[in-house]
Every structure is written in C-alpha cells, then in structure tokens.
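Fit chain B to the known structure of chain A by using the hints.
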Amino acid sequence: MPFSLSIIAEAWPTFEAGLITTAIFCSVASVLGLVLAVPIALAQFSRSWPWRVSAKVLVEIVRDTPFLVQVFVIYFVFPATGIPMSSTVAGILALTIHGAVYFSESIRGAILSVPKGQVDAARAAGMSYPLTMRRIVFPQMMGYVLPPIGNQIVGLIKDSAVLSIISVPELSMAFQNVLGTTFAAPEAFVAVAVLYWLLTSAVTLVMSRLEQLTPTHRSTQEMTSLLAKADR
Amino acid sequence: MTLEWQYVAHALPFLLEGTLITVEVSLLAVALGLLVGILVVLGRQSRFKILRALIIAYISIVRGTPLFIQILIVYYALPALGLDIPRFESGVIALSLNSGAYISEMIRGGLMAIPKGQLDAARAFGMRSGLIWRRITLPQVLVLILPPLTMEFTGLLKSSALLSVIGLVELTRRAQQVIGETLRSPEVWLATAALYFIMCFALGTVTRRLEKAAAAYRL
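From first to last, the protein sequence lines are chains A and B.
Here the first sequence is numbered in this note's numbering, starting from 1190 and rising by one per residue.
Here the second sequence is numbered in this note's numbering, starting from 100 and rising by one per residue.
Chain A with its partners taken away, still in its complex shape (with noise of 0.2 Å):
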C-alpha cells in the first residue's frame, strides 16, 4: 500500500473544516477558562472558608474525573435539569470548565511563588487587596504563569479530540470521516497528526512571545542567587 498525498489533498476540505472547528472551539474555551480560573484561584486564598472549599471541591472534581465523563456529564445531565444543551454548547462549557481548573492551579502555583512578605508589606503600606494583587503579585507571576499554561492549551486541544464523542465537527471527527470514506490509515493519521502539531506550535509560538513581552520582575532571593552565579 503505498502512500498517496492525493488522497489528503482529495480529503482537504473535510479537514480544514476540522481543523478551524478545533481552532474555534479551543480559543473560545481558552479564553474563557483564562477568565474563570483567576477566581477560582483567588478563592482559594479567600479568608472565608465556603469559598475556599467550593473551589477546592471545583478542582478535585474535574482534576479527578475522566474528561470523556465530563463531557457527557454536561450533555446529558443538564438537560435532564431543564436546560437545553447543543453539543457545540456542552463541548465548549465542557472544554472552559476543564481548562478554568487547570489553568486556575497554574496561576495558585504562581500566586504561591511570590514571597508572602511583599504582600504583607503591601498590604501594610496602606494598599488594598484588589491593587495589592494588581501591582505587586500579578506583574510577578506572570512569568512563572505562561509556560505551565501555554502547556494546558496544547492539552486542551488534544483533549477536544474526545468532543468529536458528542458529534462535534472537530478535527479528529474529521479524521475519523475520512477513514470511514478512504481507508487510508496511514495518510489521514499523517494529515491529522501535522494539522495537530500545527495547532499546537502556533499556541507555543504565541506564548513564548507574551512572555518575552512580559516584565520578568523577579524576586530578592532570585536576584541574589543569579547576581551570586554571575560572581562564580
């Protein structure tokens, strides 16, 4: 058997077509997830303890259920509740709510790495919570925030490889399309793969932009121990 690049070229729109269901599904939830995880992360650190346990509850739930279960959790539990659920609806809420925990247990790790002392001092000088966080334990962060969640959006579109479960469009429904159609293994698991990688080497090449653009404020004891390694 050997390999046809025809057969690729023949099956292209069926991928394309996946290929920007995939792109679409994943930048909604991702921005999304961004959105939701700043609370669920801040929650933790909340001083009053429902919020705290609701957010810890929030994240052990998703971390430690499969995402497939997930999915059909949103799919067919809610409309059992009376709310009405589309798959492209389910897959994207799906997708936010995976991505919002993950995220939100990067960005609690990165809120842990900035030295406890400076927000104490902030918060002595007279500054509030809100611009504590603002202009001192955000700007710090972000550095140690980007890589661990640029590696969870090329999780999070690897994952919406299951959304094609609940017949959405995607990429890999795609895939599966054109198996179905050509049997040709080989090619479409080519086709798929490259596409994929593009996919996920166009969101490692946007953020390792943003993090040369961000500040990389760093801490006391980091700078001392780079200034006593420039010294060696």
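Just so you know, these hints were derived from the structure itself, not from any lab.
We treat Cβ as the ideally placed atom computed from N, Cα and C, and that holds for glycine.
It is possible that part of the hints are untrue.
Here are some of the chain A residues that sit facing chain B, going by a computed Cβ distance under 8 Å [unchecked claim]:
| # | residue |
| --- | --- |
| 1 | Leu1257 |
| 2 | Val1262 |
| 3 | Leu1335 |
| 4 | Phe1364 |
Some residues of chain A that are not near chain B, with every Cβ distance over 12 Å (derived) [to be verified]:
| # | residue |
| --- | --- |
| 5 | Ser1216 |
| 6 | Val1220 |
| 7 | Val1242 |
| 8 | Lys1305 |
| 9 | Met1331 |
| 10 | Pro1336 |
| 11 | Ser1349 |
| 12 | Ser1390 |
| 13 | Glu1400 |
Pairwise CB distance ranges, derived in the manner of DEER restraints [claimed, not checked]:
| # | chain 1 | residue 1 | chain 2 | residue 2 | range |
| --- | --- | --- | --- | --- | --- |
| 14 | B | Ala314 | A | Thr1393 | 24 to 34 Å |
| 15 | A | Ala1198 | B | Arg234 | 50 to 60 Å |
| 16 | B | Pro238 | A | Pro1228 | 40 to 50 Å |
| 17 | B | Ala220 | A | Ala1391 | 42 to 52 Å |
| 18 | A | Ser1243 | B | Glu204 | 26 to 36 Å |
| 19 | B | Gly163 | A | Met1331 | 18 to 28 Å |
| 20 | A | Ile1209 | B | Gly208 | 32 to 42 Å |
| 21 | B | Ala220 | A | Gly1298 | 29 to 39 Å |
| 22 | A | Ser1195 | B | Gln105 | 54 to 64 Å |
| 23 | A | Arg1241 | B | Lys311 | 34 to 44 Å |
| 24 | B | Gly163 | A | Ala1198 | 33 to 43 Å |
| 25 | B | Val242 | A | Val1217 | 23 to 33 Å |
| 26 | A | Leu1194 | B | Gly208 | 35 to 45 Å |
| 27 | A | Gly1271 | B | Gln105 | 28 to 38 Å |
Structure of chain B alone, referenced to chain A:
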C-alpha cells in the same frame, strides 16, 4: 425531571464490573509503559543514530497527537497490517505506548537525581555498565519515580475511559450499556463520575504520601 437514585442502586453492580476492567487495563498499561519507558531511555543512549532518531520521532508523535486518535489508529490500523488484535489488548497497547513516552521522561528526570559519584565509585570497583544499571541506577530510579508513576496510573484510570470508543467494556462503556437498558442517563453518569472520583482522589492522597516518602529517601 428529578433524579431517581434507585436506578443507581440497580446499576451499581454492573458499573463495579466495569470499574474492575478499568483498573485492570490501567495497571497493565502502567506496567508495560514502565517497561517501554526503560527501553526508550536505554535506546536513547544507544550508539545507533537511527535507533535514537526513531525513538525521538516516537516520543514527538505520542506527545503531539491526541491519545484518542492514537487509540483509533492502534485499533483500526493494526488489523490493516494483518495483525488481528482484540479490543482489550489493542487498548492496553495504545495506552502503554502513550504512557511509555511520558514515563521515559520521568525516568530521565530520576536519573539526573542520582549523584554522579555513585556511578564513578561503581566503575572504580570494576562494575560493568549493565551491572551498574541493574544494581545501582535502576533500583534508585524506581523509588524516585514512584510518586509520578502513581500519578501516571491515575491519569491512565481517567484516559482509559476513551477505550469505550473502541468498544472495550470498561467503566464508561458499562455506563453506556446500563443507560441503554434503564434509559436513566443523568443518574448513571453521575454515579460513573463518582466512581472515577473515588479512585482518583484516593490515589491522589497516596501520591502525596509517596512524594513525602521519596523526599525523605533522597536525604
């Protein structure tokens, strides 16, 4: 529609049967994945350039494509090559090939944590590299990677849900079958999610304990 939990009580024995298969598949996959991981690490140190290139290609393909597609490829493409593999074995192969790539990275990390002086000392005693691997390196690496390995096992418990797509009757597929009979999808899905949660949450606790123990071992 209100949720009616008596359906879950009825479905639970069936779901537990599926859970057993989920655990079985994941255990086999993590064990074989460890084997693949060790072979990959050894292969990367090989003198043969082609072997090294092949291994790097394998790792990038596994890490660059969705597991879902890898499962489909193993199930649908291997028979085309004349290999007729049943669902269970096909699922285990797909999961362990996937896992092996990630476990090999853990092993590489573990190797770096072993002081170089130990290897120098072993060599000074006249031990050959194979013997050093067996007696010095591997036993320590296995202890060091135990926490990430349990985390990988937890990941496999979750990702094995994808094997329902190729018709392997593990927990998720069982749930679909039970739903087909009872037509009570919300209750059964919530119960299924709860079963996964119990397993993964418990393993998460074990992982945290192991991390502490491994940290102590390192000192």
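Hint check:
no.	hint	result
1	Leu1257	holds (4 Å)
2	Val1262	holds (5 Å)
3	Leu1335	violated (20 Å)
4	Phe1364	holds (6 Å)
5	Ser1216	holds (17 Å)
6	Val1220	holds (21 Å)
7	Val1242	holds (15 Å)
8	Lys1305	holds (22 Å)
9	Met1331	holds (26 Å)
10	Pro1336	holds (16 Å)
11	Ser1349	violated (8 Å)
12	Ser1390	violated (9 Å)
13	Glu1400	holds (20 Å)
14	Ala314/B to Thr1393/A: 24 to 34 Å	holds (32 Å)
15	Ala1198/A to Arg234/B: 50 to 60 Å	holds (56 Å)
16	Pro238/B to Pro1228/A: 40 to 50 Å	holds (46 Å)
17	Ala220/B to Ala1391/A: 42 to 52 Å	holds (48 Å)
18	Ser1243/A to Glu204/B: 26 to 36 Å	holds (35 Å)
19	Gly163/B to Met1331/A: 18 to 28 Å	holds (27 Å)
20	Ile1209/A to Gly208/B: 32 to 42 Å	holds (38 Å)
21	Ala220/B to Gly1298/A: 29 to 39 Å	holds (37 Å)
22	Ser1195/A to Gln105/B: 54 to 64 Å	holds (58 Å)
23	Arg1241/A to Lys311/B: 34 to 44 Å	violated (23 Å)
24	Gly163/B to Ala1198/A: 33 to 43 Å	violated (22 Å)
25	Val242/B to Val1217/A: 23 to 33 Å	violated (44 Å)
26	Leu1194/A to Gly208/B: 35 to 45 Å	holds (39 Å)
27	Gly1271/A to Gln105/B: 28 to 38 Å	violated (21 Å)
Comparing the model with each earlier hint shows violations of hints 3, 11, 12, 23, 24, 25 and 27; every other hint is respected.
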